[in-house]
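Sequences and hints are given; from them, build the entire structure.
Protein chains: 4
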Amino acid sequence: MINVGIVGSTGYGGCELVRFLLTHKDVHIQWVSSRTYVDEEYSDIYKSYFTLIDQKCIDEDIENYLDDVDVVFFATPQGVCAKMVNDNILSKVKVIDLSADFRIKDVNTYESWYGIKHASPEFIKEAVYGLCEMNRENIKNARLIANPGCYPTCSILSIYPLAKAGLIDMDTLIIDAKSGTSGAGRGAKVQNLYCEVNESIKAYGVANHRHTPEIEEQLGYASKQNVLLNFTPHLIPMNRGILITAYASLKEGVTQKQVQDAYQIYDDEYFVRVLKEGNVPEVRNVKCSNFVDVAYKIDPRTNRIIMMGAMDNLVKGAAGQAIQNMNIMFGFDEKEGLLLAPAVL
Amino acid sequence: MINVGIVGSTGYGGCELVRFLLTHKDVHIQWVSSRTYVDEEYSDIYKSYFTLIDQKCIDEDIENYLDDVDVVFFATPQGVCAKMVNDNILSKVKVIDLSADFRIKDVNTYESWYGIKHASPEFIKEAVYGLCEMNRENIKNARLIANPGCYPTCSILSIYPLAKAGLIDMDTLIIDAKSGTSGAGRGAKVQNLYCEVNESIKAYGVANHRHTPEIEEQLGYASKQNVLLNFTPHLIPMNRGILITAYASLKEGVTQKQVQDAYQIYDDEYFVRVLKEGNVPEVRNVKCSNFVDVAYKIDPRTNRIIMMGAMDNLVKGAAGQAIQNMNIMFGFDEKEGLLLAPAVL
Amino acid sequence: MINVGIVGSTGYGGCELVRFLLTHKDVHIQWVSSRTYVDEEYSDIYKSYFTLIDQKCIDEDIENYLDDVDVVFFATPQGVCAKMVNDNILSKVKVIDLSADFRIKDVNTYESWYGIKHASPEFIKEAVYGLCEMNRENIKNARLIANPGCYPTCSILSIYPLAKAGLIDMDTLIIDAKSGTSGAGRGAKVQNLYCEVNESIKAYGVANHRHTPEIEEQLGYASKQNVLLNFTPHLIPMNRGILITAYASLKEGVTQKQVQDAYQIYDDEYFVRVLKEGNVPEVRNVKCSNFVDVAYKIDPRTNRIIMMGAMDNLVKGAAGQAIQNMNIMFGFDEKEGLLLAPAVL
Amino acid sequence: MINVGIVGSTGYGGCELVRFLLTHKDVHIQWVSSRTYVDEEYSDIYKSYFTLIDQKCIDEDIENYLDDVDVVFFATPQGVCAKMVNDNILSKVKVIDLSADFRIKDVNTYESWYGIKHASPEFIKEAVYGLCEMNRENIKNARLIANPGCYPTCSILSIYPLAKAGLIDMDTLIIDAKSGTSGAGRGAKVQNLYCEVNESIKAYGVANHRHTPEIEEQLGYASKQNVLLNFTPHLIPMNRGILITAYASLKEGVTQKQVQDAYQIYDDEYFVRVLKEGNVPEVRNVKCSNFVDVAYKIDPRTNRIIMMGAMDNLVKGAAGQAIQNMNIMFGFDEKEGLLLAPAVL
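Residue numbers (our numbering), protein chains in the order written: chain Y, 1 to 345; chain U, 1 to 345; chain A, 1 to 345; chain B, 1 to 345.
The hints are simulated quantities; they were obtained by calculation from the structure and are not laboratory data.
Any given hint might turn out to be false.
Treat identical chains as interchangeable: a pair holds within one or across any two.
Listed next, the in silico SDA-like pairs over lysine to any residue satisfying Cα-Cα at most 20 Å (straight line) [claimed, not checked]:
#, residue 1, residue 2
1, 276, 297
2, 335, 26
3, 224, 254
4, 276, 205
5, 276, 207
6, 335, 23
7, 297, 208
8, 56, 68
Structure representation (structure tokens):
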């Protein structure tokens, strides 16, 4: 049994962490902290937790609360974790950061895409990129986990087998992504009002979305080459879920069989489901679960392959993967607390 | 560890039973049966279950499959369970019927509201109305459970304390109910198409909805008088959830304190949450969970009380309550398999 | 051809006024004013109007801009119109106020329900309540129109025939109302975010919603008695539309024929459609149009009548009715600019 | 004043035709025909039209009804118009076919993508592809209009300027498209039920959607070369609207200025709006209107251009463009009946 603390607990990511941790048999939620709601009952902010959690939000001076906990999740905006983390914290607790602060190894890339100065670049090297299916061994002993972004998790897992096997021309890679609105967070902005999102769809961050370099870096490791790609996210009128549709030219002579074999890399992965031929990923088939569904289709007319992936942005794209990382770090069953079947309805 | 079978497994109620039973630690799903999809993979019908359930639908001649199971759930249309059930079945397995066949004690009332002849009225008397919070003791030893309807569960639990305490004038009772679209089932009807439901709302079954006599009967037991009420359901553009708003005149001289005391009847009930004063039930606060949230507000201007309840129609209103009944019947922890916190997003 | 000005043009009500006025053949939009977006292009705030309106928002010192216009619409929050209006304005232009400032004749009632001091009670008496179907003659020569609230318009029109004909017991009247989210306005509040409204439903303003006294007053005139009723609004996950379901006991001996005759009061009203027996109002059948669909059902078991009405809150409930009032005031065809058929999809 | 008939009037396309034609000042709807609903009141099928249209559906033997009408719209499934159309019909009335039957000049291409034998290939050559902005002159005197598909209209108009100006490498063209659910039609299929579409998104017709060759043919004319491209549509939980996001490599040395100049081809087009730099098309900004909003963004990192377009699939993508074609054919103002501003809410 371990004790956990959650910084930034009142955002949507924090809310989802609480939901999963409440039923995790090896975990006790020791404290939840917040910048905005200090001293308020957590179950007054999310009334779904009424009778389930009996705690007030504490402030964000978390160094005062480290002795009680084994691991701290940061479900905070960009920059917060980088500002807070230090040797003292890392010597006392494990840190799992759901923000982007430690995902990108090149600090200049981080600073130019995110438009902020990195407050603790000295920890970037140590941080382990917590895409469990790719970095499981390194995660085990990490002190600081950079929990992957939602779009990157879905994009990378969908494309990784072909990038690694060298079957696609990485220079032709285009990712067209679609996300539910919880990805935009809980900030009170006109653009995220019900009536502004409902019955519509739009692209955003065209050619400059911050998740681009994260995807490029990881697919660069996989393909062993520098990768530049186009990534275009779209806002969808639904609460949860991400679907990515990716396009690349197959290298000359690549066969369906080779592609199929490449995806066998996931044969032992519980949370990545390579669909049967003819099926396509649908968000509802993974909703509220930690699964990523991937599939592909080769177009012989253009010699391109269309790669598709569906995932719940709040689960495998945030809280679920964070808990999966925690499970690996503490030697729990990797699936503990994450066994919910998708809520197709 | 018990084995269960599910008749009518491919409707939305069956789908939700599977979702919960897959994570129930004392249960193994032995078979799923279907009229329409015999011999098809269950995970081809609901692809959310890909890799999670590896069974084909069997036919509905369930007498051939009784030896393998301890309990059979009927998630079937009205009339099916009444037609199938018999002494042989009841001697071998427990039966939990999610349809209305055994909910109403007066067979004439059933036949006139449902417009069908009851095929096995001889079992009506034995059947226990499975509203766990009211009939827990009788459920323990029942062979045949009539799992309550979705609207009745939410309506009855919201009104029951005041009916039982005799604080409201039962002749003034009006229930205005709102349900998500999964309540309309999975039949391929034009009226349930996305574009026909979305961005709209309408009443249906006005003054003649079949759940009316079920609510009247149970509130009649509680208030020890004959009850006639108005019940008007509405179709809401959302997948899950029911909200009821009920109105009644307070009897003369009834105080806020008396009302508050009456609702303390739920103090030991885990799944019924009486909200703090000033809060109102919201569907999102119970979504995907087995909770019912209830609240009330007295209007001194009209001397009426407004009673409100929110519930997930597929969980406490169907599959969840069925499993709660099963847990009680087999001596499991009543909450086993039902501990998920609501998915507020 | 007249010129119009719109104060508070950047809220949802103002946005809808612009949409209808752009195709009104007798109207030119002279100016749009705003508190928040002064000097910004109107089509930058609502990009749907790109190429259709080429005006910047002016400030709210509208006394400077009166010479150019014949009528001014106030689509402003409560209190603003009462503060701004004066004899100078009323001597120069017609005023149509979409807020509640001049709807309620008893200033004490206004002040106690709205919680604000009325800034110009001297104009309350003169103001005409602009429910066109009831007050057409008075509207013709009015200088100041109190455009009815959305819930009141739908509620009153649904109940008015029976109240006026004296067929229902007014003491038993209960209105359960449901509205799309545009009714909550365009303010950037967490509770109106997409993810907070979607897939949920809740009551609000239970027993104290401000539209209550407005409905009571008008139905009081109709029934020639003091009316106290319960009014409970609910927030629905859709953009537009209101549905009301109202309940009352029929007076003794009242027949179906008498009820039917009472609704013939609308026989010559284009915008009020009394549905054929057996049909129920649905929001989608009036969406984006100025129609109100009404219907009723008598329940012989309880001797209650259920009255139902559907309407687009932004059209007949706000901008459409305001234009209908303008048409009447300026002697235009009452339907001019309002002939769009409902957008059922 | 002309008289029109509508074959297939009870599908969503027919429904939208009726909505627009009811307010077209030069048009009278003479008859509506249907296969399924013969002799039923049209306003019983779409109750939104109650009091607005007083006609029963006639059968589909339309040769009996030609004398009354000047133009016949076919809003029918693939193959129906090809089967019905003949010299007699074309000698008496203009025909506007909203299906794909006459869109593709190469009958083999049609037959292989649509999987049906073309019943009247002799009329293919004569048919004019009714994309008004590209073929206005030919439309004027046409007897038979092939009204473009929804995806093709949005895709072609978004890409056409660059294809025509020769600024992009046509071999690199990829179109990722998203559509509201009305595009799936009104057929009673499980996959289109509210609960199956809501809160989800999926691709369909991957690498084999029938609109592919239509887009390829038209962009082939524009670019004067053979075009093969990838087109992937997705189903979005909203009623109306299409968004396309298209990707292509710019030819070497192409400048922002050249791209901007190319889009000036639309300077005189009322219904195509090239957005200001920095803005992106959103479905809500064109909803219920005949506008297509287009925009582009150059990514200097990859030297690709991202082209975007938003449109209402039922208006410019079906009924609106059909009426625009009719207006051109009969010498009416091209915008008559189509001047509604978008319903942003």
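Hint check:
{"no.": "1", "hint": "276 x 297", "verdict": "within (11 Å within a copy, 36 Å between copies)"}
{"no.": "2", "hint": "335 x 26", "verdict": "both (12 Å within a copy, 18 Å between copies)"}
{"no.": "3", "hint": "224 x 254", "verdict": "within (19 Å within a copy, 31 Å between copies)"}
{"no.": "4", "hint": "276 x 205", "verdict": "between (33 Å within a copy, 16 Å between copies)"}
{"no.": "5", "hint": "276 x 207", "verdict": "between (33 Å within a copy, 17 Å between copies)"}
{"no.": "6", "hint": "335 x 23", "verdict": "both (12 Å within a copy, 12 Å between copies)"}
{"no.": "7", "hint": "297 x 208", "verdict": "between (28 Å within a copy, 10 Å between copies)"}
{"no.": "8", "hint": "56 x 68", "verdict": "within (16 Å within a copy, 49 Å between copies)"}
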